[in-house]
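Those protein sequences? They're chains E and R, same order as listed.
Sequential numbering from 1 applies to the first sequence in our numbering.
Sequential numbering from 1001 applies to the second sequence in our numbering.
These are computed hints drawn from the structure, not numbers from a lab.
Some chain E residues near chain R, calculated using beta-carbon distances under 8 Å:
| id | residue |
| --- | --- |
| 1 | L13 |
| 2 | L95 |
| 3 | P96 |
Beta carbons: idealized from backbone N, C-alpha and C, even for Gly.
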Amino acid sequence: MSWLSMVWAQARLNQTVLMRQRGLAFSVLLLPLFLAFANTANARSLDTVNGVPAAAFAAVGAIAVVFPFSYMTIATSIVVRREERVYKRLRGSALPTSAIFAGDILHASLLGAVQGVVILVYAITVANAPMPSNVPLMLLAFVLGAAVFAALAIGTAGFIPNYEVAQLVALPVLFISLVGTGMMIPLSALPEWGQRVAELLPLTPVVTMMRTAFLGRDFAQEAAPVVGFLEAFQVSAAGLGIGLLWIGVGLWSTRKYFRWDPRRA
Amino acid sequence: MNTTAIEVRDLHQKYGDFEAVRGIDFEVGRGELYALLGTNGAGKTTTLDVLEGYHAPTRGQVRVLGHDPISERAEVRQRMGIVLQEAGFYKDLSVAETVDAWRRWTPRPLGRREVLERVGLAHREAVRVSQLSGGEKRRLDLALAVLGRPEVLFLDEPTTGLDPEARRNVWELVRGMVADGVTVLLTTHYLDEAEQLAQRLAIMNAGRIVTEGTLADVLGERGTRITFRLPAVRPSDLPYAPGLARRSVRLDGEAFTVETHEPQEDLRTLLEWAHERGWELGGLEVRRPSLEELFLEVAETERVAA
Chain E
1 MSWLSMVWAQ ARLNQTVLMR QRGLAFSVLL LPLFLAFANT ANARSLDTVN GVPAAAFAAV
61 GAIAVVFPFS YMTIATSIVV RREERVYKRL RGSALPTSAI FAGDILHASL LGAVQGVVIL
121 VYAITVANAP MPSNVPLMLL AFVLGAAVFA ALAIGTAGFI PNYEVAQLVA LPVLFISLVG
181 TGMMIPLSAL PEWGQRVAEL LPLTPVVTMM RTAFLGRDFA QEAAPVVGFL EAFQVSAAGL
241 GIGLLWIGVG LWSTRKYFRW DPRRA
Chain R
1001 MNTTAIEVRD LHQKYGDFEA VRGIDFEVGR GELYALLGTN GAGKTTTLDV LEGYHAPTRG
1061 QVRVLGHDPI SERAEVRQRM GIVLQEAGFY KDLSVAETVD AWRRWTPRPL GRREVLERVG
1121 LAHREAVRVS QLSGGEKRRL DLALAVLGRP EVLFLDEPTT GLDPEARRNV WELVRGMVAD
1181 GVTVLLTTHY LDEAEQLAQR LAIMNAGRIV TEGTLADVLG ERGTRITFRL PAVRPSDLPY
1241 APGLARRSVR LDGEAFTVET HEPQEDLRTL LEWAHERGWE LGGLEVRRPS LEELFLEVAE
1301 TERVAA
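Could you put the whole structure together from the sequences, leaning on the hints where they help?
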């Protein structure tokens, strides 16, 4: 039996289990879509926000929302399985540990991908967003976002005591991520240091990369000049670096704080 | 082929300052059923945790099928089945969904029907796990443990909380596995369970193995018991010369227990002695010690020593 088929079995099981937890299923499956529709509803004009056409700005923001929800999916399922001692049973089965993690990540990422595609299609067909000009960069941004938030979810699960807290923790993660991307308040409204901090938040580089992928322009520069296909990757390198740094933080925290068993009373 | 399935050498296991296992050794041969007996806190589950690869030993070495269960996990994880004392299920799944999910990542799994029939749970297929009784959950535990046709089966108190009929069903299942050549390491605090199933056993107390061997070995170390009631008689009145190493006399109220390695001789002496005096030995019994008594004695000896 191959490792991949074990990973697939885990991902599939996660989905079955998720569908049985109605509250959580509603949150992680439908909320991102509602937020996306709400976010893009006002954006059908040809206005620009910080130099980005409103429709594209909103579409990118709507897609990026998917990642904090992946965080919620993964962190919650880790905490539930740990506290209910399902992990103990899983680790005693034929499954390698890596397949358990990989199954979680694959499941949350596939959900995110489906949601992302739905939002993208909606944004293009209904909300006047343009076709992405650099699809490979778009995919890279998506994979980066999925990886960053999966690493953070696994890395922070050790601090989360139970299911209720897991869902609460996801809210500030969502909120801080969104502020950092400038979707809730324009970053230019923040003081200089606030802008620097915002640039380092985990979702910001993903959003910046997606904007570049959408519009083929480099928004790091004042006039947001048009960039070519390869140049778009070049200007995204710094963002990729920030993303990788967050993945590193998640992995480090996982090594140090991840727990398979509930804390002993 | 190596004939040793499980090997434990000088195993120590510490949790913080608490040393749960304090240096134990044993071996289980292939196809053998070995029982670890002991009260709660004796160190049985800790020993299993190490063998199952959940914790690295603080000191010493364990081998399962010749492999280190942690560093060589890939070699053994598909060859062992584990019934944990306390492990959760996905409680919103049905019995059938649970077995199906496990079958997807188990190489050469038994069929869902087949495994559920083996543990007597086939009629509960459609029921949610959260609605199963304690005994039924235990049977599902077993079903998942034997699903992958394991070579080694670890059973941590597999019949705790089961009614007598369910216990006998589990025993049947375990006997069947042993008959098929599966090696079983079982922990229990039911003495009759070890008596029913185990070829060899060890009694653990406070992190140590205090006695080990076949049932006959373990019982044989202790003498046969002659018990009777006799009012107003002191132990020194009995017709036994004092200070004999292979005999002991205990009095509890009116109840005497003579533990001896020469039961026939001692019994003849006793009967003649009582006959001459015209006394009746109430409730006279001659028997091997039960595991129960053995167990209490071990616990008592340890308490005195401590």
